[in-house]
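Asker: Here the protein sequences line up with chains A and B, keeping their order.
At position 28 of the first sequence the residue is numbered 422 (our numbering), and the sequence of numbers has no breaks.
At position 99 of the second sequence the residue is numbered 574 (our numbering), and the sequence of numbers has no breaks.
Worth flagging that the hints you see were computed from the coordinates, not collected in a lab.
Just so you know, these numbers come straight off a predicted model, no measurement behind them.
Please note that the accuracy of each hint is not assured.
Straight line, CA to CA, 25 Å or less: simulated SDA-like cross-link-like pairs of lysine to any residue [said to hold, decoys possible]:
1. A:587 - B:502
2. A:587 - A:543
3. A:586 - B:479
4. A:586 - B:535
5. A:448 - A:438
These stretches of chain B come out as covered by chain A in the derived footprint (C-beta under 8 Å, 3 or more residues) [claimed, not checked]:
6. 487-494
7. 497-503
8. 507-520
Distance windows between CB atoms, simulated [said to hold, decoys possible]:
9. B:485 - A:473: 27 to 35 Å
10. B:513 - A:423: 14 to 22 Å
11. A:420 - B:533: 41 to 49 Å
12. B:479 - A:531: 42 to 50 Å
13. A:416 - B:479: 44 to 52 Å
14. B:513 - A:499: 19 to 27 Å
15. B:481 - A:582: 13 to 21 Å
Using N, Cα and C, we set each Cβ at its ideal position, and we do this for glycine too.
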Amino acid sequence: MTTLQSRQDIDSAVRPAAPDEESLSRRALTGERAAWDALIARHQRRVVVSLLAKGLRVDRAQELAQETWARLIQQQQRGLLPELRLPALALAQAAFLASDDARRTRRESVDGTVEELPERHQPVDPAQSAEKRLLSEEQLTRARDALEQVSPGARNVFLLACDGQGLPHAEVASRVGLSVQRVRQILCEVRKKLRTALEEENHV
Amino acid sequence: MSSPTPHLTRDRTEQYLLGALPPEAEAELEAHTLTCEPCARLLQEEALLEEQLYEVAAATPRDAVVVRPARWHRPAAVAAALVAVAASVFLMLRPGGETASTPVTPVEAPVVAARDVEDAPRDIVVACPDLGTQEHCLKSASARGLLVYHPGGQGEVPRYDASSGLTQVALSSRPAAL
Ligand SMILES: [Zn+2]
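Same shape as in the complex, but just chain B (with noise of 0.2 Å):
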């Protein structure tokens, strides 16, 4: 304990709150807020701004939430899909849907085919994460005119990619057979 542990800083505070620090250096940082009035008001600070973001998240819409199937099946499986359960809920837009870059319209993605990874686009698929947001999901789906199906357990796994960003293009569409 001789030698003064160093005052915090905002990237380490913020890595700290991520839970991203190994455990001595986080119990050094505890530590030291606990010696340093003006690290510990930092903590605090930052401790506010992460619950602040909690709150900015809960007050976004969810459906702006997408992943993006990785890859997809052709439209005879989908459609086959459709009678099963889902435990997500995908949108599909409509042949030519609006796709452009409105702020509510969800994240879209390109959908591959199965045997294709690095086949064109073919649809544009936008998916609700999870069962506590898929009423919500639908009804604004149906409020912008999107077809929704359940593709149950059908599935390849959406998944976003977010390295590879998003492709805002205007694909030729499947309209999902409701």
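So here's chain A without its partners, still in its complex pose (with noise of 0.2 Å):
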């Protein structure tokens, strides 16, 4: 441990996910309000965009979202959650939420009744609602080697903002040593690319 540059740096390098992110958790379990308001805050664009993505309008994505946290909290309170891995946790509680939401939309329409679902006290666990892949084989492939053409500096920061694990892109920045604003500028070259790559036809 000699001769360190910089603390901050030498933080970034060092821990594995984003510094705060731990224990913010860690206050979130044992109930604490502001790390709750914390995780809200750095998790919430990704659930609404999950939610969009959905086909969600806008409102209903942030009612689904707010109702997403509410019941993440909730269930902390009555002690049911071990532990809250984000922000995949909330992104499987607001899937969870949307296909109730069209459930019951579905029920409404057909017999102009809302018949009450039974509440469901149980957290929704991120691996057994194994989110649908949203992508065939091939569109996957083909995003991969369209990945690979992307300059690795480009690469390296596409895949630190999309790891899900919701790293703030000004945290990307730092830990990359470059601005947010080229972070982003980044993210959408890359996206750019993929998007071209998934919606190229299939063919063989």
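Hints in hand, dock the two standalone chains.
Answerer: As structure tokens, this is what we get:
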């Protein structure tokens, strides 16, 4: 531990996940509201986007995202949350609420009544509610090929930002030594390439 | 509410999804999608692509993620650090090891001596960024004949300088004494 250049850099290099995500999760599991708020702020967008992706309108997506956090906090208060892995758990909870919502809507339109669904108290197991794959194998292959073509730096930024831990862009930026703006620029560039790859017609 | 809000563009929608819009612009965009069906659909499609990108990232082998040590210690320091328990795992190519740009080869970056940043690169070091992928990293490293060691807290900061791009140079490499 000699000649360390910068505490902050060391931290970002050595710490596995987002530096305070872990401690935030720990504190949230003890019921600390401020920790929950910080986690919600961090992961809210991803949850909303996941709901938009399911075809929800933005206002409904935001409502369900709120509901998602409310449920998770409730589960925590009831001692039903042994661990808190975000954003995966929130995404699973949101997906559950969205399909619940869809079912309810269907039922409503069929017989004009809303049947109360049994309240679930069980935390959603993200592994169990394994999200449906959004991409076919071919698409995935094409996307990965396309990813091979982007510069390693850009790929690195993309993988850091999209690694499922919900790393804030500011943190991605500090890890790679770029500005947030540049990180977002890179993400847009990679996104364009992958969009093209995913949209390609299936031909053998 | 008299003047109609503009339709969404793809760029603007991307900015929104990235969280890059100022709050007012964000609110305006959201409000617009509530009154404009085509834009609502555009937003949903772009959100779906966003989710797909997460799937792509999740399906991409983690060992391709590499950080570049901006600085590195000389061999003695490196060896000394081997005893330390690491928080992240670094892979070091054997001397003469493959450095070519095979798809599976992690991004390589030159390692620079501590005192002289501009020094010629000496080692090829690749790093797994986090503990979550460490095991996979270790496995694929040994599969590829890479030396693995734990630099522990020693450390100059592995950081990837994306702007400098990748130097795919074959570098003379010190094997890490394991
Ligand atoms: Zn519109």
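Asker: With reference to the structure, classify each hint as holding or not holding.
Answerer: Comparing the hints with the structure gives:
Pair hint residue 587 (chain A) plus residue 502 (chain B) does not hold up; C-alpha atoms about 28 Å apart against a cutoff of 25 Å. Simply put, residue 587 (chain A) and residue 543 (chain A) have alpha-carbon atoms about 9 Å apart, close enough for the 25 Å limit, and the pair holds. Between residue 586 (chain A) and residue 479 (chain B) the alpha-carbon distance is near 29 Å, which puts this suggested pair outside the 25 Å criterion. Restraint check for residue 586 (chain A) and residue 535 (chain B): the C-alpha separation of about 17 Å stays at or below 25 Å, so the hint holds.
For the hint pairing residue 448 (chain A) with residue 438 (chain A), the CA-to-CA distance comes to about 16 Å; that is within 25 Å, so the pair holds. For the stretch 487-494 of chain B, the proposed coverage by chain A is satisfied: 5 residues have a C-beta within less than 8 Å of a C-beta in that chain, meeting the threshold of three. Only residues whose beta carbon comes within less than 8 Å of a beta carbon in chain A count, and the stretch 497-503 of chain B has 0; fewer than three means the coverage is violated. With a cut-off of 8 Å between beta carbons, the stretch 507-520 of chain B has 5 residues touching chain A; three or more are needed, and the interface restraint holds.
Look at residue 485 (chain B) against residue 473 (chain A): about 46 Å separates their beta carbons, and that is not inside 27 to 35 Å. At roughly 43 Å, the beta-carbon separation of residue 513 (chain B) and residue 423 (chain A) lies outside the given 14 to 22 Å, and the hint is violated. Between residue 420 (chain A) and residue 533 (chain B), the C-beta spacing of about 25 Å breaks the proposed range 41 to 49 Å. Between residue 479 (chain B) and residue 531 (chain A) the C-beta distance comes to about 44 Å, which sits within the given range of 42 to 50 Å.
Checked against the hint of 44 to 52 Å, the C-beta distance between residue 416 (chain A) and residue 479 (chain B) comes to roughly 46 Å, which is consistent with it. For the pair residue 513 (chain B) and residue 499 (chain A), the supplied restraint of 19 to 27 Å holds, since their beta-carbon distance comes to about 22 Å. For the pair residue 481 (chain B) and residue 582 (chain A), the supplied restraint of 13 to 21 Å holds, since their beta-carbon distance comes to about 20 Å.
Comparing the model with each earlier hint shows violations of hints 1, 3, 7, 9, 10, 11; every other hint is respected.
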